[in-house]
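The task is to assemble the complex, starting from two chains supplied on their own in separate frames and drawing on the hints.
So the sequence lines, in the order shown, correspond to chains L and R.
Just so we're aligned, residue 1 is where the first sequence starts under our numbering, counting upward by one.
Just so we're aligned, residue 1001 is where the second sequence starts under our numbering, counting upward by one.
Calculated directly from the structure, the hints in this document are not laboratory data.
Heads up, some of the hints might be wrong.
As the list claims (entries may be wrong) - Covered stretches of chain R, going by a simulated chain L footprint (3 or more residues, C-beta under 8 Å):
(1) 1090-1098
(2) 1120-1133
(3) 1141-1147
(4) 1177-1187
(5) 1242-1252
(6) 1267-1275
(7) 1285-1299
To be verified - Selected chain R positions facing chain L (in silico; Cβ < 8 Å):
(8) 1137
(9) 1279
(10) 1313
Unchecked claim - Derived, one-sided and incomplete: chain R residues facing chain L with beta-carbon distance under 10 Å:
(11) 1013
(12) 1239
(13) 1309
For glycine and all other residues, C-beta sits at the position ideal for the given N, C-alpha and C.
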Amino acid sequence: MNVVVCVKQIPDPADPGQLDPETKTLKRDGKLILDESDSYGVEMALQLVDAAGGGEVTLVSMAPNSEVSGLRTALAMGAAKAVLVSDDALAGTDALGTAKVLAKAIERAGSADLILTATESSDGYTGTVPAQLAELLSLPAITFAKEITTDGSTVKVQRQTEAGYDEVESPLPAVVSVTAGVVEPRYPSFKGIMAAKSKPVDEVKVADLGLDAGQVGWAGAGQEIVEVAKAEEREAGTIIEDDGEAFAKIVDFLAELKVI
Amino acid sequence: MPLSKIWVFGEAADGKVSNTTLELLAKARTLADTVEVVTTAGGDIAAEVGAHGAAKVLTIGGTDGKLVGAPVAAAIAAAVQGGSGPDALFIATSYDGRDVAGFLSAKLDAPVITNVVDLVERDGHLAGVEPVFGGTTNVITKFTGDKLPIFLIRPKSFAAEETGGGAAAVEELGGADAAAPAVTNRFVEEKTGPSLDDAAVVVAGGRGLGEKDNYALVEDLAKLLHAAPGASRAIVDAGWVPYSYQVGQTGKVVKPTVYIAAGISGATQHLVGMKGSKNIIAINKDPEAPIFSVADLGIVGDVHKVMPKLIEALKSR
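This is chain R alone, in the form it adopts within the complex (with noise of 0.2 Å):
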């Protein structure tokens, strides 16, 4: 079944193509002759998503200082009435690929398969894999119409990879004359140590910390293993730490070589974020607590008095 022809939204900031971008690059040339990048960010990322398999950039231009979602899908919605689309197109679950995609699809009455996580043949057709129900079980969807394939794709799905390919060639992508709010200002919160996205050591902390002050526990334990600190969706709706901690459905979703989950106990939400995770430590005092269910270590006990003595004794070493 290889598609003619597949376009991926890449994402850029600073110049840098996004991981996701590049895994999603990686996929697509497995299942398509031909894959080109529509994006806002400008040729000049041709040189990196060329190397990643890209025979094309499409530009995008009139966007900066605006939400992207609205002119992004005008473009590209233009282009699939004007004939010159693409078999199938790859977004992001990212926070203006979910606007790409939801304006797109009202504009081109079709439906959207979210949340995959991987992409098989059915039927001749290409079908969306689906995790539900915290990852338990996988639901396979294709789509039933001829509309233009529109899938939002999980980020850390795939692996990036480079082909040693070109710079891909640039072209413009003009319809993308759509009103958009206007970005007036943008602030970066400033993180310190490893991000979530790539640290190889991931703890993080849940309801089962008790209050607000005891995340500090899960930032010492952090620090002494080089690891980013993350969060149950529990803690961030309360306020204790910022969304851009959040590990699971809504979120990040990681895949680190170690994770450390304390006092989490295992939402759908979370599991679906961190599953992946190679080796999962846990610990909990409720021994019923789903988390145990992945963990390859668990501690049924109390996060307060195991959190201490582990970071004593990591300080000790």
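So here's chain L without its partners, still in its complex pose (with noise of 0.2 Å):
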């Protein structure tokens, strides 16, 4: 059972984001960090290998200034390999672009039964590039799994719903995207750190993927943003420290409100 996962370096969601002016996206130039959406991918991936008794897991990213220290966490998780793509032509790609792009390179990583991915990013959050990918590789795409189970022929998928969640069964290969919080991502023990330093990741630009420049980028995004602005503030309310009466003003707030 061979498993690819593709994961994001992203700035760390703890420090607060900033747009370029120039090309009023969010800036990436600092250090990376992989985004916690994809651990549970990670697991998910390294708990099925080791169910099916074999294979391994191949990690799949893209990122500027050959970014890997969050691959080296995930490597550290027990992830065998990686493939990175890393190019200035890639500044300004789009998710349907990041698509193309991801497609390649899980073709370079060698014949996958099962490619995993976030449902989104932290960062870019547009929840798209799942379908994307299975459409560019021709194949199904389960999203929003829940739980997954695979006989390594057939996956089932245990698939969020509004009203609950639906069981799902695909042939394989397959695209899945993997819901947060659905398994506990193990924390990487010194072992796995130390080994993860010499773990390969094969670094590759876009034109070793036979992809044109121009469907990356902002050449390939298709999309600009033409304006930014301050959203309209909500006016500031009242603050107030707890004495051990500060109840009474929810209280008091609830009956204005006439909700009580």
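Given below as structure tokens:
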């Protein structure tokens, strides 16, 4: 069972994000970390490979400046190797362009039985990449997985729905997006961290993937941010320190709003 | 810039059209001469969407027992390539909506503008307004090519409104011949009380509750206020409550009359989903917590002390 996991390395969400004044897109030139949303897919992949009794987990990522720190985190968790697409030509790439790059990188990674992604990244959150990827690879997609089981030829998924969940089944290979929180991502062990340092990361350029530079980056994006404006701010409210009686203020406010 | 025709991807469950579909119809009507609904739900929804301004229901058959993303995208792509497509396509940010948008985008090599909360005109084209950084900033994005403009629009961005129109005409849209994963079983999680979608009051809990058992404080308060219980992503990820409780960027967008945030710091992820609430009450021990920047009434204090007293006070009223 070989599983490819698409992972994104993003600016630390704990730091306030900034838009580049020139391009009006999120600045990504600082240190990047593994998107927490992707740690669930990595964990799921490791568990599926374990359950299958063989095979390996390969990471696929696209990032500026040959960034590998997020990849090392996932390698330390137990992934075997990674393909990293890093190229100045990728700046400004939108979700569809990202899917094109990842599709080629997945083909380069070797034959995969299953391709896992998060449902959306924590910084761009378009949530369209899993289905775009599936279409580009001519594979079925099952999105929003809560639970995944497979016998090696079929995958069964509990898919989150508005009302609860559906049981969904598809032949492999397939693209499955994993809902955050459905597994407990393991902490890398010291041994894992040491081993990750020497695991292979195959770094490639856009041209190595047989993609035309015009399909990615600003040129390929097909959309453009024309305006950035401060959103309407809420009027400042009343903030009080609890002196043991603050609950009464809430009761008064609720009464004033006529909800009690 | 009135467009000639907008298609709305119409979603329905048990014959009832989703609120978000009706919201998108209301907005589409203000932007185009003709609004039509593309759906796998069949012609039965013609009366309801007609009453909300749709002229036509284009039904896509053969998707029973399958995931709809790939087949719906195939049918729309066939229409677009055959020259009978719309000038723009509106899709709700839902589970199936995102699948349709993703498949269609790759099929047509057309980008998608996502997380849209409003639509405006820029340079003679329809452009999307999207909140970033927890809704403190809006960006306006337009398409630069000549592909079908696909907009993924957030729930509760517009108010649904009836027009008094008659039932929409029903036509079949062919071309949905795409393989898709089989849905073998459907499970409905029983939730009692009001739903996050339409409750007048929402009480949500976060990591500040400390441990899973303390979520009972949220549930108790919610019961007293006939409110829907909600949660931040942090405690959903931690497994305290199911994903269906999640309020935020991922999860539900809510706009109740009163939103009570207990032990929620107010990460961007969360603010986006609740900032539109009419009144916000926040309880958090960190005075610097971003949740206070949107709170009408903020209590800097310990949820474990404030909540039980509040619950007692409400019980004795």
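For the hint on residue 1137 of chain R, just tell me whether its beta-carbon gets within less than 8 Å of chain L. 6 Å, holds
Interface hint for residue 1313 of chain R, Cβ within 8 Å of any Cβ on chain L: Holds. Min distance 5 Å.
Using C-beta distances, would you say chain L covers the segment 1120-1133 of chain R, given that this needs three or more residues below 8 Å? With 6 residues close enough to chain L, the hint holds.
Given residue 1279 of chain R as an interface hint, is its Cβ closer than 8 Å to any Cβ of chain L? Given a least distance of 6 Å, the restraint on residue 1279 of chain R holds.
Per the coverage rule (Cβ-Cβ under 8 Å, at least three residues), is the segment 1177-1187 of chain R covered by chain L? holds (count 9)
Restraint outcome when residue 1309 of chain R is required to lie within 10 Å of chain L by C-beta distance: 4 Å, holds
At a Cβ distance under 8 Å, does chain L reach at least three residues of the segment 1090-1098 of chain R? Answer holds; 4 residues pass the 8 Å Cβ test.
Examine the segment 1267-1275 of chain R for residues whose CB is less than 8 Å from any CB of chain L, and state whether their number is three or more. That given contact holds, which follows from 4 residues of the segment 1267-1275 of chain R lying within Cβ reach (below 8 Å) of chain L.
Can we keep the residue 1013 of chain R interface hint, with Cβ of chain L closer than 10 Å? 7 Å, holds
Can you tell me if the segment 1141-1147 of chain R counts as covered by chain L, using C-beta to C-beta distances under 8 Å and a minimum of three residues? Coverage by chain L holds here, the residue count being 6 at a Cβ distance below 8 Å.
Please check whether the segment 1242-1252 of chain R has three or more residues whose CB lies within less than 8 Å of a CB on chain L. holds (count 4)
Counting residues of the segment 1285-1299 of chain R whose CB is closer than 8 Å to a CB in chain L, do you get three or more? holds (count 9)
In the structure shown, no violation is registered for any of the earlier numbered hints.
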